[in-house]
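Novice: Note that the protein sequences, when read in sequence, are chains A and B. The first sequence begins at 9 in my numbering and counts up by one. The second sequence begins at 9 in my numbering and counts up by one.
Hints listed in this document are in silico derivations from the structure and should not be mistaken for laboratory results. The structure displayed is predicted, hence computed values, not measured ones. Misleading hints may appear alongside valid ones.
[What the hints assert, rightly or not] Away from chain B, derived, C-beta distances all over 12 Å, residues of chain A:
no. : residue
1   : M17
2   : R19
3   : P21
4   : A62
5   : D63
6   : A65
7   : D73
8   : E76
9   : A105
10  : S106
11  : R108
12  : Q111
13  : E149
[Said to hold, decoys possible] Derived DEER-like restraints, expressed as beta-carbon distance ranges:
no. : chain 1 : residue 1 : chain 2 : residue 2 : range
14  : B       : A144      : A       : A55       : 42 to 52 Å
15  : A       : P21       : B       : D138      : 29 to 39 Å
16  : A       : R22       : B       : A144      : 33 to 43 Å
Cβ coordinates follow ideal geometry from the N, Cα and C atoms, glycine included.
There are 2 protein chains.
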Amino acid sequence: MSQPGNKSMVRVPRATRGDVPAIVALLVDDPLGATRESAGEHTAYLAAFDAIDADPAHELVVLDDDGEVVGTLQLTLLPSLSRGGALRAQIEAVRVASSRRGQGLGEGLFRWAIDEARSRGAVLVQLTTDATRVDAQRFYEQRLGFTPSHVGMKLSL
Amino acid sequence: MSQPGNKSMVRVPRATRGDVPAIVALLVDDPLGATRESAGEHTAYLAAFDAIDADPAHELVVLDDDGEVVGTLQLTLLPSLSRGGALRAQIEAVRVASSRRGQGLGEGLFRWAIDEARSRGAVLVQLTTDATRVDAQRFYEQRLGFTPSHVGMKLSL
Numbered sequence: 009m010s011q012p013g014n015k016s017m018v019r020v021p022r023a024t025r026g027d028v029p030a031i032v033a034l035l036v037d038d039p040l041g042a043t044r045e046s047a048g049e050h051t052a053y054l055a056a057f058d059a060i061d062a063d064p065a066h067e068l069v070v071l072d073d074d075g076e077v078v079g080t081l082q083l084t085l086l087p088s089l090s091r092g093g094a095l096r097a098q099i100e101a102v103r104v105a106s107s108r109r110g111q112g113l114g115e116g117l118f119r120w121a122i123d124e125a126r127s128r129g130a131v132l133v134q135l136t137t138d139a140t141r142v143d144a145q146r147f148y149e150q151r152l153g154f155t156p157s158h159v160g161m162k163l164s165l
Numbered sequence: 009m010s011q012p013g014n015k016s017m018v019r020v021p022r023a024t025r026g027d028v029p030a031i032v033a034l035l036v037d038d039p040l041g042a043t044r045e046s047a048g049e050h051t052a053y054l055a056a057f058d059a060i061d062a063d064p065a066h067e068l069v070v071l072d073d074d075g076e077v078v079g080t081l082q083l084t085l086l087p088s089l090s091r092g093g094a095l096r097a098q099i100e101a102v103r104v105a106s107s108r109r110g111q112g113l114g115e116g117l118f119r120w121a122i123d124e125a126r127s128r129g130a131v132l133v134q135l136t137t138d139a140t141r142v143d144a145q146r147f148y149e150q151r152l153g154f155t156p157s158h159v160g161m162k163l164s165l
């Protein structure tokens, strides 16, 4: 796939089952993720991977820097009646390794995702980010042009 | 399906292709929808309906009051690696006819969607709502127990 950022060895391949432990490690390596992820037990993560991988609406990718997984995101294409029957792309579970921030990797990963969404016919990219992630919001708005127009609400079942 | 709210004749069937004009009318019958929906041309809406209907991850339903479509929402099941590989349910494109507000219909529609999400194995229900829809946010938070924990961001392509 395309080469994000300014690192010539960085690629954005689709994640494989073998990448799941590295992706979980990225999810844990996060102030919020640390409280709700469990790096020691991969059964549920592998089941989720299989469900994601089986449905072409989803693309779970990793940011691969010369063989090392340094980032991840999940892109999902969502058909919708609203906005004129618009196909939406949704981005979830974005992480860049904390040791590799500030190197343009996140922007490169998002540029890949936005290009991929456009090439698949989406007219809108949407995401939500925890209200406490102020730096992420600034990044999405100022570097990528997202508009913080919505309130994201969640209900645990 | 179950009977939401306190109206014994109200049902929540899966939408059919024949319901699309009535659903589009609901989307137009809205302060934000009025500016971005087009009730006169249904081609794109029908194509979106077909994509939604073909994928079991989606359930597009109508709120049917004795044969009249008075509401709609789209429920989507989203597998995800984050939060321990949690299956999420996402609710989009929620509308209740403006002439039928304040009768418990919206709450009934949501109770149906939350029950359906739980029965399909979701551990979280998520939605975003335009920041200007203050009444909707109060309803989701106070009546249904949603937490406004996230910022929803969108980028037009």
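Novice: Using Cβ atoms and 12 Å as the threshold, tell me whether E149 of chain A really stays out of contact range of chain B.
Specialist: With a cut-off of 12 Å, E149 of chain A comes too close to chain B, as the shortest Cβ separation is near 7 Å.
Novice: Should the label of D63 of chain A as a non-interface residue stand, given a Cβ cut-off of 12 Å to chain B?
Specialist: violated (7 Å)
Novice: Once the closest CB in chain B is found, is it more than 12 Å from P21 of chain A?
Specialist: Fine: 16 Å to the nearest Cβ keeps P21 of chain A off the interface.
Novice: Report holds if the minimum CB distance from R108 of chain A to chain B is greater than 12 Å, and violated otherwise.
Specialist: holds (19 Å)
Novice: For A65 of chain A, which was marked as not at the interface, is the minimum beta-carbon distance to chain B over 12 Å?
Specialist: violated (7 Å)
Novice: Per the stated criterion, does the least C-beta distance between R19 of chain A and chain B lie above 12 Å, as a non-interface residue requires?
Specialist: At about 20 Å from chain B, R19 of chain A clears the 12 Å cut-off, so the statement holds.
Novice: According to the definition I'm using, a residue is off the interface if its beta carbon is farther than 12 Å from all beta carbons of the partner; does D73 of chain A meet that for chain B?
Specialist: holds (20 Å)
Novice: Can we trust that E76 of chain A is non-interface, i.e. its beta-carbon lies farther than 12 Å from all of chain B?
Specialist: holds (18 Å)
Novice: In terms of Cβ atoms, is chain B entirely out of 12 Å range of S106 of chain A?
Specialist: holds (16 Å)
Novice: So the hint says 42 to 52 Å: do the beta-carbon atoms of A144 of chain B and A55 of chain A match that?
Specialist: violated (34 Å)
Novice: Just to be sure I understand the hint, the distance between the Cβ atoms of P21 of chain A and D138 of chain B should be within 29 to 39 Å; is that true here?
Specialist: For P21 of chain A and D138 of chain B the Cβ distance comes to about 36 Å; the hint holds.
Novice: Over 12 Å to the closest beta carbon of chain B is the bar; see if M17 of chain A clears it.
Specialist: Non-interface label stands for M17 of chain A: nearest chain B Cβ at 25 Å, farther than 12 Å.
Of the hints listed earlier, those the structure fails to meet are numbers 4, 5, 6, 13, 14, in rising order.
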